Amino acid sequence: MADVKVADQEVSKGFDPRLIGKDQSGADDQDAESGKMVQFVSFKVDDSEYGIDIMAVREIQGWVEVTKLPNTPEHVRGVLNLRGIIVPIFDLRCRFGDGLTEATDLHVMIIIAVGDRIMGLLVDAVSDILTINTEDILPVPEIEGGGDKRFLSGLITVQERMVALLEIEKLFDIESLVQQVVAAE
Amino acid sequence: MSKRILAVDDSKTMRDMVSFTLKGAGYDVLVADDGVNAISALVGEEVDLIITDVNMPNMNGIELVQKLRSDPRFRATPILILTTESDNDIKQQGRAAGATGWIVKPFVPEKLLKVVGKVCA
Amino acid sequence: MLPSAHDDPFAQFKVTFFEECSELLTDVEQHLADLESGDFEGETLHAIFRAVHSIKAGAGAFSFTRMVNFSHKFEYLLDELREGKLEVDPDMVSTLFRAFDVLSDLVSFAQNGEAVEDSYGQDALDRIEEYLSGQNGGASTDAAGGAAPEAGAEASSAAAKELGLEDTSQGMSGATPVQTKPGEKHFRIEFTPSEAMYRHANEPLLIIRELSDLGRTETTIDVSRLPTLQALEPEDAYFSWVFDLWTTADRDDIDEVFEFVVDDCDLTIVTLDSSDQVVAVDVSPCHEDAGGDGFGFFIDEMDIQAGNVSAVAPKAAPKPSAPAAKTNAKPSAPAPKVAAKGPSAASPKAVSIRVDVERVDKLVNMVGELVITQSMLAQEVGHTENGPSDRVVSGMDELSMHIRELQENVMSIRMQPVKSVFSRMPRIVRDVSKKLDKKVRLVTIGEDTEVDKTVVEELADPLTHMIRNSLDHGLETPAERLEAGKSEEGTIQLSAEHRGGRIIIEIIDDGRGINREKVLSLAKEKGVVAPDAALSENEIDNLIFAPGFSTAEEVTDLSGRGVGMDVVRRNIQSLGGRVSVQSFPGKGTRFQLTLPLTLAVLDGMIVSIADQKFVIPINSIIETVRPEASDVEQLVDGGRVIRIRGEYIRVLPVSRIFGLPGGEQDPSKGLVILVEIEGSRTVGLLVDELAGQQQVVIKSLESNYKAVEGVSSATILGNGSVCLILDVDALSQMPVLDAVPARKNTNGRARISHDQSRKSVRSDMGSEEIGHAHQRQSSGNDNTMGAHVAAE
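Chains as they are written, first to last, in this note's numbering: chain A, 121 to 305; chain B, 44 to 164; chain C, 6 to 797.
Keep in mind that the hints were calculated from the coordinates and are not lab data.
Please note: incorrect hints may appear among the correct ones.
Stated by the list, open to error - Calculated lysine to aspartate or glutamate pairs in the EDC-like style (CA-CA distance at most 20 Å, straight line): (1) B/Lys154 - C/Asp257; (2) B/Lys55 - C/Glu28; (3) C/Lys19 - B/Asp59; (4) B/Lys55 - C/Asp361; (5) B/Lys157 - C/Glu208; (6) B/Lys46 - C/Asp361; (7) B/Lys154 - C/Asp255.
Note that the coordinates shown come from a computational prediction; the quantities given were computed from them, not determined experimentally.
Assemble the whole structure, with the sequences as input and the hints as a guide.
So this is what it looks like as structure tokens:
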């Protein structure tokens with residue numbers, strides 16, 4: 121297992137976790153074994169740990185104030201200037217229904233690409249790059265009322281910790297986002 | 044070393060098709076969209092063949108052939124004119140101006156390449 | 006598309022072709038309009054000819070036979086015109102327009118892969134035929150067909166035989182040292198190049214090589230013509246060759262070898278059978294069709310043509326007159342009826358290149374980034390300790406000047422005259438007025454006014470609708486006009502001009518004006534306005550743009566494909582523009598469109614509202630006022646108005662509309678920025694303070710997020726932060742939230758009801774985004790219906 125404490129490192133824009141992942145894990149060499157090796161960036165929101173497909177991650181950036189957008193859902197923190205591109209930033213804690221994050225300099229935005237859109241996720245800290253065998257991904261058990269399940273694609277166990285893998289397309293499916301807003305109107 | 048060909052046509056479609064066909068066969072292709080721009084494209088450039096449309100604004104293909112033939116650098120460069128089947132007197136004008144031959148458009152790629160191979164071996 | 010698309014090596018160029026067709030057709034239409042107005046010159050006809058010719062050539066490449074055949078005839082008519090053999094008169098113009106229409110339709114049928122009826126466009130063909138036969142007596146009709154070349158070839162080949170050429174090579178038998186193998190034929194080829202061959206840059210060596218590729222050859226060189234070294238001209242041809250060729254190839258293959266040079270040489274090709282008997286011989290029989298598929302070399306057709314020897318080749322020449330006559334005809338080519346164009350336009354030798362719009366857009370975006378970086382730098386420099394040095398300051402000034410200039414220049418690449426859209430209108434006026442039996446004169450003014458390419462393109466639909474609307478509803482019938490004491494012929498004036506960084510387009514008719522009583526009662530009936538609403542005349546006029554006002558019942562054949570003026574307004578709004586109408590009962594109606602010149606930058610006033618910065622487009626700002634407390638009045642609904650020069654103006658508390666905590670609520674303590682909104686109405690935006698004025702680069706919110714109501718787009722300020730650009734029209738229609746702060750109250754939106762048809766201003770140069778926005782918009786059109794009933 122790669123054991124990179126990204127959160128402890130200097131978190132700056134331009135950091136490309138995919139490169140680190142490649143250097144450290146040699147994932148390509150392990151493909152021959154059963155299952156396929158995949159990589160996730162793991163991060164923390166409160167005490168829970170989540171994983172996001174490393175291929176979707178564009179960069180990781182420390183929190184800076186963003187420009188608020190009027191009359192948008194609470195989890196939409198606003199928009200960020202990412203080298204000339206206007207990128208919406210979503211508060212993941214708030215998206216999970218646990219209220220707004222009191223963002224500080226120590227908080228982190230994970231910039232991801234979903235389809236042809238770029239967006240940022242506000243999280244507490246990035247913790248690791250995980251290289252795992254797809255066979256080790258466990259299904260998400262049925263939870264009363266659905267809960268987070270619809271955002272999750274699977275669960276893995278890393279050093280006794282549970283990491284929930286996020287299905288970004290479902291989490292911030294822009295089409296459904298638009299529909300929600302339209303419906304609200 | 045691959046042969047260089049200048050393709051002149053005011054129609055982007057035609058230009059693209061000629062250029063695509065020739066490049067696919069390994070030729071080096073320059074393009075221009077009328078006679079004036081063809082002349083400027085040829086400044087300081089050597090080409091092995093020029094293929095030109097006739098009906099173009101600013102300087103048409105016939106004028107271009109005349110102009111090139113009056114330039115010692117291009118006296119011996121093969122020039123093919125691209126013309127439609129019905130343009131018989133265009134062909135004659137092309138001949139009078141000093142063109143090497145003509146290609147009828149629309150053309151099939153094989154034919155274009157064959158003709159090009161013929162004058163540009 | 007066509008089923009054969011897979012096999013077609015050029016299928017990928019179809020898109021280019023149709024793009025090009027649409028450009029060419031636009032040009033043609035424009036030139037036809039010039040012909041119609043008499044404002045044209047010789048080059049106009051040449052340009053139309055070239056365009057139709059290019060369409061024909063491209064259509065041929067994709068085997069769009071109908072298009073080829075039609076454009077062929079069309080082109081032929083145009084050729085006669087530019088040669089001065091036919092005259093440009095009104096009937097001709099109408100024929101040309103009809104032909105243009107047919108060609109446009111054929112293009113779009115081909116593009117959509119639709120089948121075309123055989124009879125389609127026959128009327129246009131008939132009219133063209135009429136002209137051609139009227140002048141040339143039938144012969145030209147055949148000449149225009151594709152049969153001519155074969156006929157010519159046969160004729161010349163037959164002529165060669167008639168001349169007894171079979172006998173010429175009789176004496177050559179016996180010179181066959183090599184045995185003819187089974188399946189092979191033995192050809193003897195005598196080839197004597199003329200010096201002209203070298204002048205045409207043909208190379209005998211290549212020919213010899215090619216021949217030997219066909220089979221076994223035996224070559225004899227005749228050097229008898231070689232002069233002494235002193236007399237030798239390096240560019241002349243002195244050798245001649247005799248080739249004996251044993252080959253399985255056909256005669257055609259041999260002809261092909263010589264096809265470029267057959268004119269420039271003496272060539273005899275003889276077939277020798279095993280007993281060395283000559284079975285066939287031809288002299289210069291090679292024609293472009295000898296090879297069968299479309300390339301060739303020069304033959305003596307020219308002479309046939311010049312001599313008009315119709316007995317030999319009656320159909321060989323597409324144009325029956327001798328070339329000499331043609332040359333003479335040129336100077337007498339149709340003179341412009343109106344010599345209105347200045348000398349500068351007489352012979353445009355403008356050198357231009359075609360550039361992909363995408364590349365221009367990249368450039369525009371890059372310059373935009375440069376502008377932002379520059380302003381960031383300037384701000385940073387200003388903050389350095391002890392201040393910047395003089396050299397830095399002057400350097401920064403210069404940089405900013407250059408960047409500004411660069412930006413203007415880059416923007417100007419995308420600018421296009423509105424002419425390309427305006428030129429489509431005469432046809433619409435002509436067609437529609439004919440159907441309606443109305444007499445209409447269209448006057449266009451300022452068609453050289455330039456505006457961003459995207460704006461030009463997006464203008465076509467709204468303008469078409471508005472012109473049709475004016476024709477349909479605005480103008481009266483000739484009888485009605487006479488009765489009203491007007492001239493029979495109505496006038497529609499279409500004009501464009503630049504005003505204050507925007508383009509203003511007006512459509513003015515001298516018709517009956519809007520029937521306000523009817524409009525108001527209809528609007529009440531349809532629930533567009535409250536039954537007891539008291540509206541000003543201007544407000545009533547502008548109801549015709551209200552969604553839901555138009556109904557399907559009013560859809561006529563003319564006013565459109567089920568869209569009304571509300572769609573026109575939305576289209577214009579999506580371009581960051583506004584549309585308004587002013588009616589003068591009995592006298593006419595004036596529609597006014599104002600649009601930004603570019604969708605890439607705007608001049609903005611930066612304001613501060615509840616500690617957040619926003620940009621207000623300068624061109625919507627009328628003035629900024631700081632009202633006295635005594636000028637502020639509270640309305641029953643909680644809203645506030647201010648009194649300015651005797652008028653009451655509604656104040657929009659932006660912070661509350663946007664649900665921002667804090668922010669000044671008292672107009673007399675903050676600043677009120679008066680802005681003009683749709684329908685020439687004025688509202689005041691309540692802000693905390695002004696923070697500056699600058700040109701900003703427009704960035705889309707929608708490329709990564711989605712439209713936000715009340716915000717048209719965003720920009721990036723000098724400090725790198727994102728700043729939202731206000732959509733004042735949208736703001737004026739948004740409800741004021743009761744409670745502040747509203748940030749936590751995310752469900753608040755559910756209670757808000759408002760005009761759903763509103764769409765935020767789209768302002769993005771990226772062509773992809775434009776495509777998206779367009780789709781979104783057209784999908785929005787589906788639920789709208791009806792043409793409006795301006796004046797019935």
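**Study point:** Broken hints, by number
**Key:** 6
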